[in-house]
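Using the numbering used here, read the sequence shown as starting at 1 and increasing by one per residue.
Hint data in this document are derived by calculation from the structure and do not stem from the laboratory. Take the hints with a grain of salt, since some may be wrong.
Claimed, not checked - Calculated lysine-lysine pairs in the DSSO-like style (CA-CA distance at most 27 Å, straight line):
# : residue 1 : residue 2
1 : Lys213    : Lys81
2 : Lys9      : Lys218
3 : Lys213    : Lys94
4 : Lys81     : Lys218
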Amino acid sequence: MKNGMTLWKERVSAYWNMAIRYLRLIGNSGFLFTLYVLIIIGSYYYSVFLDWLPETFPAVWVFVAVFAHFLTRSGVRTFVKPADVVFLLPYESKLGSYFQASKWYSIGLQSGVILLVLVVLSPLFAKYLANDAGSLLIVLILLVIAKAWNVFASFEEQRFQSEVSRQSHFLLRGMVNIVFTYLLFSGAGLLYLLTLYVIMAALYWFYYQSIAKQLSIKWDHLIEVEQGMLLFFYRIANAFTDVPQLRNKVKPRNHLSWLLHVLSDSSKSVYHYLFVRSFIRANDYLGIFIRLVVIAAIILVALPTGWLQIVVLLLFMHMVTNQLSTIWFHYDTNMWVDLYPVEAQEKTDALTQVTFRLLLLMTAILTGVLLVSSSVFMAGLAIIVGGLYSYIGSHQLIHKRKK
1 MKNGMTLWKE RVSAYWNMAI RYLRLIGNSG FLFTLYVLII IGSYYYSVFL DWLPETFPAV
61 WVFVAVFAHF LTRSGVRTFV KPADVVFLLP YESKLGSYFQ ASKWYSIGLQ SGVILLVLVV
121 LSPLFAKYLA NDAGSLLIVL ILLVIAKAWN VFASFEEQRF QSEVSRQSHF LLRGMVNIVF
181 TYLLFSGAGL LYLLTLYVIM AALYWFYYQS IAKQLSIKWD HLIEVEQGML LFFYRIANAF
241 TDVPQLRNKV KPRNHLSWLL HVLSDSSKSV YHYLFVRSFI RANDYLGIFI RLVVIAAIIL
301 VALPTGWLQI VVLLLFMHMV TNQLSTIWFH YDTNMWVDLY PVEAQEKTDA LTQVTFRLLL
361 LMTAILTGVL LVSSSVFMAG LAIIVGGLYS YIGSHQLIHK RKK
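Please build the complete structure, drawing on both the sequences and the hints.
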């Protein structure tokens, strides 16, 4: 049996080697450029939005809602694997350093998220809360301390067998975090915060530590949580490249079978049928497509009438094109598909047609949004630009992405 820290370091290293490969593919997909443009657009309208907000805006409750949420959601990345329930269970008592490292690793990553959110909200903080809450750096330090308490407490909660018990403790921490963030952002005295810290520390040492002594680790639940975190990352990566771990995630969705005839001539070739079926049923292609269209629609409604709406339309159509390019590889490991007596060009034609129709559908939906929220001129321009991109994206760009 390896030392707990040695095993933990090996697993973290293996995970990041895999994650970095996917992150590089995401970076090379053009997504970062899209993100940069959206950040530039968003930063401008963020300042306009702040100027528009009234002096009576309840900024304290916005910060309470946001940071209480991020503090309470404090899952621990344990890097456990399905086989551990057999091979590591006998050595559970020797894995203290392994799980301790997992807790501090989770604190570090989640504190980074809190820092990022705090930076994004810093203009709002400076306008409404700086006089009461004090220095942004002090606020960050106090939030990180609270995050550490939440992570340590959250890990002990996973020892409960009952989901009801885990959820009730989750709600308990949520209430504590609401009180903490309200005291922090409303400018309460340091004595109140220190008193709450003492209560949190006592709650951990006298209650959560007793849970750790009385209950053993629930390996099946830890594995389920870890697999859920991995699946979340894989779904993000799958929007930009093929992820083998998701190939077997299939949902019937029989109620959407009518889309077969809308998105392609399914009788034209076997690949027309397979690609549409994959889009509807597998790997959350459909879910990602819907989410991107909805986000694009919300941004178009929020933006004032102008050329930026067309830029956003093109950016999101480009993101959808990147996502659809991964369908090309969906059947690469299925030997039966290679036995079909069809020409290779038919596969290319099928991807072109399915992508073209999906991009046209996206153009039609977002044009309707502009027609309602903007002007007839912008809606007409969106039809022209969206139609041109639909053709270029489906006949040229997507085939460059699939190589």
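Hints and how they fare:
1. Lys213 to Lys81: holds, 24 Å
2. Lys9 to Lys218: Holds, at roughly 22 Å.
3. Lys213 to Lys94: With a Cα-Cα distance of about 15 Å, the restraint between Lys213 and Lys94 holds, given a limit of 27 Å.
4. Lys81 to Lys218: With a Cα-Cα distance of about 13 Å, the restraint between Lys81 and Lys218 holds, given a limit of 27 Å.
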